[in-house]
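Enquirer: Read top to bottom, the protein sequences are chains A and B.
Throughout, the working numbering is defined as the position within the first sequence, counted from one, plus 1419.
Throughout, the working numbering is defined as the position within the second sequence, counted from one, plus 1419.
What the hints contain is simulated information worked out from the structure, not anything from laboratory work.
Some clues are possibly wrong.
Identical chains share a label here; the pair holds if one copy fits it or two copies do between them.
Stated by the list, open to error - Straight-line distance between alpha carbons at most 20 angstroms, and here's what the computed EDC-like set of lysine to aspartate or glutamate pairs gives:
1. 1589 / 1446
2. 1589 / 1483
3. 1484 / 1446
4. 1589 / 1465
5. 1586 / 1516
6. 1586 / 1533
7. 1586 / 1467
2 protein chains.
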Amino acid sequence: MLRELASRQPGRQTRAVYRYDTLQELERSMLEGIPIARAMQLHVLEYDGHRLALTAPLAPNVNDKGCAFGGSLISLTTLAAWGLINLKLAEAGAVADVYVQDSNVEYLAPVWGELVAEASAGPDESWSEFIAMLSDHGSARIRMAAEVSGAEGGQVALRFSARFVAKRRKH
Amino acid sequence: MLRELASRQPGRQTRAVYRYDTLQELERSMLEGIPIARAMQLHVLEYDGHRLALTAPLAPNVNDKGCAFGGSLISLTTLAAWGLINLKLAEAGAVADVYVQDSNVEYLAPVWGELVAEASAGPDESWSEFIAMLSDHGSARIRMAAEVSGAEGGQVALRFSARFVAKRRKH
């Protein structure tokens, strides 16, 4: 889906994509390609050019204790980070496959309502360097950060850090 | 489910439980309590008193690339570790809630077939100390390890390490 989007927009290098159909496209690619994302009832909530937020209702993502299942929380954060990288690649007109390499998760508080995960690049990362590295070397790494909010009292429920790699797709 | 099991067996302290109905009970408690475990078509494969193996077919756990979705792999390892702790608690006649506190995951190779996750206590951990700590203090921590096999050439596909806490259930 994003491959088509990117190839339709070969001249896009730096302009941020806020267009609704781009986010719809991302949501559709996740729901069509990943059955568990469908089971989670994942939804792309918003994207401001820097942060991507995904959401899912509690009911299909509940655990035996009635709060959010840890596996759903980590899936949502992983997909938020993966989705943001794909949006940034599409903005730059780059066509690459994105893989998670490792992740660290702290479960800080239970989530008793809707799951909301927000991802951004890690504090020392630069999207322009990431895109340039991919262009020059055919692959590039980036550390991503994500959080789940929604714990009682507005506190962070889960903190996620992960390394991803993008590899230029061979046609 | 495991609470009932434990209360039916108050004298069990150290004997390992290999009984098929215990594993069926564990599988049923995960499938009934966690909708995503049902969507994954999770199955308890085997338990030898030290290691618990869970499995799930590829089709419902696939990603956009046709291999296993990372979120499913980490859910399966987390549930294998969580399930093993619950089996050990049931063997000891202890009734406690088990929570994951943090996890580290390395994704080493893609899985193109059935997902199989095997969990055990971390190398420096002792089940008897864990049970004694829970009995004395009402809560106890343990580090768990898990791996996903099934990558091509028999190599490890994912390595998982996580800290869990058990808290004695208040009646």
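Enquirer: Treating 20 angstroms as the Cα threshold, decide for residue 1586 and residue 1533: within, between, both or neither.
Expert: neither (33 angstroms within a copy, 25 angstroms between copies)
Enquirer: Between the shortest in-copy and the shortest cross-copy C-alpha distance, which are at most 20 angstroms for residue 1589 and residue 1446: within, between, both, or neither?
Expert: Neither. Shortest intra-copy (24 angstroms) and inter-copy (42 angstroms) distances fail the 20 angstroms Cα cut-off.
Enquirer: Checking residue 1586 and residue 1516: alpha-carbon separation at most 20 angstroms within a copy, between copies, both or neither?
Expert: Answer is within; shortest intra-copy Cα gap is 5 angstroms, inter-copy 42 angstroms.
Enquirer: When no copy is specified for residue 1484 and residue 1446, does a C-alpha distance of 20 angstroms or less occur within a copy, between copies, both, or neither?
Expert: between (29 angstroms within a copy, 16 angstroms between copies)
Enquirer: When no copy is specified for residue 1586 and residue 1467, does a C-alpha distance of 20 angstroms or less occur within a copy, between copies, both, or neither?
Expert: neither (25 angstroms within a copy, 41 angstroms between copies)
Enquirer: Is the C-alpha distance from residue 1589 to residue 1465 at most 20 angstroms within one copy, between copies, in both cases, or in neither?
Expert: Answer is neither; intra-copy 31 angstroms and inter-copy 41 angstroms both fail.
Enquirer: My question is about residue 1589 and residue 1483: at a cut-off of 20 angstroms on alpha-carbon distance, are they close within one copy, between copies, both, or neither?
Expert: Cα proximity of residue 1589 and residue 1483: across copies only (16 angstroms, versus 44 angstroms in one copy).
Checked against the numbered hints given earlier, the structure breaks hints 1, 4, 6, 7 and satisfies all the rest.
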